Structure formats: structure tokens, C-alpha cells
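Since the structure of chain A is already known, use the hints to place chain B on it.
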Amino acid sequence: MIYLEEKKYFSVVLIIVAGLFLATFFLISKPQILLPVFALGFIILAFFGAFFIRKVYKKAIKAEQYLDQVISNEGNLSITSNAEKDSIFANIIEELKELEKIRQSQESEKNKELLWQKNLMSDISHQIKTPLATLEIYTDIFNKEFGENEEKKELSEHAKEAIERIRWLVTGMLQIAKLESGTYKMEKKESPVRETIDRALYSLNSLISEKKINVRIEERKEENREIIIPQDSKWLEEAFINIIKNALEYSPDEGNIDIFITDTPMAVSVEVKDYGEGISEEEIPKIFNRFYKAGGQREKRKDSVGIGLNLSKEIVKAHNGIITAESRRGNDSFTSIYTTFLR
Amino acid sequence: MSFIEVKGLKKIYGNGESSVTALKDITLSFEKGEFVAVVGSSGSGKSTLLSLLGGIDSPTEGEVIIDGENVHKMKAGEKAEFRRRKIGFVFQEYNLIPVLSVEENIEMPLRLDGIRMKDKKMDELLDMLGLKERRDHLPEQLSGGQKQRVAIGRAYAHHPALILADEPTGNLDKATGLEIMALLQNSARKFSQTMILVTHDEKIAAMADRIITLSDGCVIGDAVVRNAVSEDEV
Numbered sequence: 004m005i006y007l008e009e010k011k012y013f014s015v016v017l018i019i020v021a022g023l024f025l026a027t028f029f030l031i032s033k034p035q036i037l038l039p040v041f042a043l044g045f046i047i048l049a050f051f052g053a054f055f056i057r058k059v060y061k062k063a064i065k066a067e068q069y070l071d072q073v074i075s076n077e078g079n080l081s082i083t084s085n086a087e088k089d090s091i092f093a094n095i096i097e098e099l100k101e102l103e104k105i106r107q108s109q110e111s112e113k114n115k116e117l118l119w120q121k122n123l124m125s126d127i128s129h130q131i132k133t134p135l136a137t138l139e140i141y142t143d144i145f146n147k148e149f150g151e152n153e154e155k156k157e158l159s160e161h162a163k164e165a166i167e168r169i170r171w172l173v174t175g176m177l178q179i180a181k182l183e184s185g186t187y188k189m190e191k192k193e194s195p196v197r198e199t200i201d202r203a204l205y206s207l208n209s210l211i212s213e214k215k216i217n218v219r220i221e222e223r224k225e226e227n228r229e230i231i232i233p234q235d236s237k238w239l240e241e242a243f244i245n246i247i248k249n250a251l252e253y254s255p256d257e258g259n260i261d262i263f264i265t266d267t268p269m270a271v272s273v274e275v276k277d278y279g280e281g282i283s284e285e286e287i288p289k290i291f292n293r294f295y296k297a298g299g300q301r302e303k304r305k306d307s308v309g310i311g312l313n314l315s316k317e318i319v320k321a322h323n324g325i326i327t328a329e330s331r332r333g334n335d336s337f338t339s340i341y342t343t344f345l346r
Numbered sequence: 072m073s074f075i076e077v078k079g080l081k082k083i084y085g086n087g088e089s090s091v092t093a094l095k096d097i098t099l100s101f102e103k104g105e106f107v108a109v110v111g112s113s114g115s116g117k118s119t120l121l122s123l124l125g126g127i128d129s130p131t132e133g134e135v136i137i138d139g140e141n142v143h144k145m146k147a148g149e150k151a152e153f154r155r156r157k158i159g160f161v162f163q164e165y166n167l168i169p170v171l172s173v174e175e176n177i178e179m180p181l182r183l184d185g186i187r188m189k190d191k192k193m194d195e196l197l198d199m200l201g202l203k204e205r206r207d208h209l210p211e212q213l214s215g216g217q218k219q220r221v222a223i224g225r226a227y228a229h230h231p232a233l234i235l236a237d238e239p240t241g242n243l244d245k246a247t248g249l250e251i252m253a254l255l256q257n258s259a260r261k262f263s264q265t266m267i268l269v270t271h272d273e274k275i276a277a278m279a280d281r282i283i284t285l286s287d288g289c290v291i292g293d294a295v296v297r298n299a300v301s302e303d304e305v
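Top to bottom, those sequences are chains A and B. Residue 48 in this note's numbering is what sits at position 45 of the first sequence, and the numbering runs on without skipping anything. Residue 254 in this note's numbering is what sits at position 183 of the second sequence, and the numbering runs on without skipping anything.
Simulated from the structure, these hints should not be mistaken for lab results. Predicted model only: the values in this text are computed from it and were never measured. Among these hints, one or two may not hold up.
[Stated by the list, open to error] Here are the simulated lysine to any residue pairs, SDA-like style, with alpha carbons at most 20 Å apart:
1) A:Lys163 to A:Leu207
2) A:Lys320 to B:Ser263
3) A:Lys113 to B:Ser263
4) A:Lys104 to B:Phe262
Extracted from the complex, chain A is given alone in its bound form (with noise of 0.2 Å):
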């Protein structure tokens, strides 16, 4: 290949060096002149050196800042103007460009295929949502009618119970294709921690009631000052929501769950601890799998799905946070499921 420019530069230094050649010829005779002519080539020569390796520094660091962009993720494609066509530097950016298109094809070809996922998950769950409306309306009519008779009763109990367990698995999928996707944006704004938990816990009343669950909260920090972290507070909430009903259906009636809010200088962590019988050691990192569900308590906890801790760690994952959990099985059982989220 052939880049003008650098050869245009390279056929000056050529000529000056010529010039000197053919002046120490003429002027051989004449060391006095020599001389001085020497000196004025050489610093001509010094001088267009250093323009012209500034230049191609210059360039370089053009080439440099643009392989920045191009890593740090900003995308701004367009730096070198015509006129550095026919210089390497150039030559080499432009093949980058190329490079970043490919990628970029790529990813847009993978973000289909996640949007294609998406669409057929939203489509088959608004499907099954309203054959399982009317479900739950014949339910209830089943329910008032069989009136006195308490086994037929107890059966559309638990056929109420089947349709819930199925509403909730479909809005968590749907919710899961939307983060995989990345179809749907988080709306990030500061606001405090403790808010949002508050809300999730409103919203597992009936649940926390029911169980006669003892709830305590304690924030931890070292000013007194609200603690806040960005966050899309609806999704967060439903990460919370998730985490709370799952030490819920761990904790025995009547016991304690205790929810430490840390502040620490650059992060936040949320512990959810309850006091059930606890997770084994090598079942600890798989509690975040889709559908699964702890051992231990599989035939009692039938309400569960095992989807929700699930959806919590995609919803954390999308704050640029994580989630990670710690169990103790025997006498002073317990297990905790920590959120920490960088402020």
C-alpha cells in the first residue's frame, strides 16, 4: 500500500539530504562556507523532522482516542476528515470502522433474535392470560356454589391456587424476555433504598399476616441521612418483592426476618436473612436458576414457582449490582440473600 502523504514527507527529507549531498561536492574547496551551509541544512532538516513527527504523533493519537471510543462503547464513528485520506493513520482507522461495523451488524443481528424471543414470550402470555381470566371466574363460581360441601370446596381452592401460581409464572417470564432483551430501558433516578422496600413489603402483607412473620428493619450508616442508590424503583421493588416471599415461604409461623440496609462509602447492600431451615452449601449458588427450588422444602413449598430469585438477579444485574446468598443448615439455621448495588 501506498499512503501519499508520508511519502510526500519522505521525498522532502530525501531532497534536503540530496541538497547537503551536492553542496558538500561543490563547496569541498571551500571548507569556510561548508560550514555554515551544513548547519542551516541540518537544522532545516531538524526542523522538518520534528513537524513531521509531531504530525504523524498527532495522527496517532487520533487513532489512539478513536480504538478509546470504540472500547469505552461511546460509537462516535466520525474523526478523520478528507484531507488525512492517504495517511496510515487514516488507512488504519478506517479499517477499524470496518471492524466496528461488523460488530455492530453483529450485535444488532443478536439483538433481533433477543427482540424475536421477546415478542413471542409477550405474545404467548397475553394468549394464556385471558382463557385463564375466564378460568378464574368459573373458579369462583364453582366455589360459591358448592356452597356447604367441603371437599368440592377445598378442590376449587386449589385450583384458585394453581391459576395464581400460573399468572405469576407467565408476568415473570414476560418480565424476564423484557430484561434479556434489552427492549426495556431502566429508568434510573436516586431515590432511597428503604422506600422501595418499604413498598415490597406492603405488597406482601396479606402474605406476611398470614404467616404472622415478625419484620424488622435496621439501616445501618454512619450519617443520618436518607440511603440512596439509582434505581427504576418499580423494578427494583419487584426485585425485593421476590426476594422477601422467598424468606417468607422459608420462615417457619410466627418467626423473625430481619432486613439490614449497609451503607458503605461506594455501595449499598440490602441482606434479606430469615430463619428457616436453610440452603446446603453446594445448592447456594444455583438458588438464582430459573425454576429452581431448594431441595430440602420442594414438596412443601408447592406455591412456589421458582422463578422469582430468578428475575430478582436479572432486575439487580440491570442496576450493575449483585446478588449472592449465605446459609447455615442445623441449630441456628438461617439464610441470607444479599443485594449490593454500586451508588
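Same frame as chain A, but now just chain B:
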């Protein structure tokens, strides 16, 4: 070919009767962007594995190939340079240089390559690490969590493709440990870095995509934590 290939890795410390076998024939591979936790009791060989992966120590047998380059076949100088450019280390002991400021500690690996970090970049990094007000402080003026954040800054200054961490939260309280993990993971996700982390903390291991269990210098467990469980587990 995987991003990292470990083939028949063996490490014996000492020789003759007093020799100790730390690793026995380990073969593993790691993909780009993977977050792997290495667990096992103390003396199981997990820290040895990490130092062999990072080219800090040389194996008795076997090889480590990172991004197509055979780490232990390099000359000492090449190896040091490779380490500096491709790998970021985070240790339990923060290993900061006591006479250098926060900023200078972070810039250290780049300086060794004769590169100065641009002010804008340094500002961004310090901001991300919450160390903006402490840029001129010396390590002794910092808390444990802050020191570890400086160490993370140093490990990330050159955007390495691989992060090796040995009990990075070992000396920190629970909440600060989680904060450090959130920082590590956030950056790893952003730049799709491979992160291999040695820990005995189940909380930390539970965050990983894959958990490798070592015992007596052998791999006794290698579990990928998938997003969906297989049918027999449902």
C-alpha cells in the same frame, strides 16, 4: 481454542523427601468473559494454581496458554511485560507501594511500560473507585476497603483481559467485601474480562458463573452455574 488453556499442570515444591506436591496434573480451560471461583480448603493448591496462571511462579510440568501465548516458555522480561499488559492482580494483602500516592500506585504498571495515564482517564477511574478526594493520600492513610479499591484501580488501569484475584475480600468486613465484589464484577462485565477468583467465602463463590473445587492438588469439582437448571433438577 479457549482463552486460557491449562494442560497437565504440576507443581512440586522442594525436592527429595521433603518435597510437597501442590498441584497434580491439572487440565482446565477458561473462556473469555467467564467469572470463575476456585474454592477448596487451605493447602488444596488454589493459590498455587493462581500464581501459575499469572506466571508469578513456574510449574514443574505442564503449560499455561493465555490468548495463544505459552506463558512459561517466555523469557523473564517478556513474561513480566506480558503479565503487566494482559493480567490484573488483586490480592488479599493489597500490595500497595507505601511511599507512593493513590494516583501513583494506580499508574504504576503503566509507568513501567513508559506510559503516562491521561488525566481524563485517571479522573474517570478515581471517580469510579470513589477515590477522587484521596488521590494524593498515601496507603497508610486509607482504610482497608479504600486500599483494596486502589489495588483494583491498579489492576484495571490498563484494561487487562484477565483478572486474577486471591481472596480479595479476605481482610474486609462483610459489607465492604460485597462493595469490592460489586466493583470487580461491574468492570469485568463492562469490558468482558475473564475473572478467576480464589476464595473460601461461599457468598463470593455463589456469584460466579462457574465453580472449580480443588482438593489435595486435584480438581474434584467443576460446576457451571447455568441460567436454567437441567430437567432432573426441576
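Results for each hint:
1. A:Lys163 to A:Leu207: Holds - the C-alpha atoms of A:Leu207 and A:Lys163 are around 19 Å apart, at most 20 Å.
2. A:Lys320 to B:Ser263: 14 Å, holds
3. A:Lys113 to B:Ser263: Given that 20 Å is the threshold and the Cα spacing comes to 17 Å, the pair holds.
4. A:Lys104 to B:Phe262: 19 Å, holds
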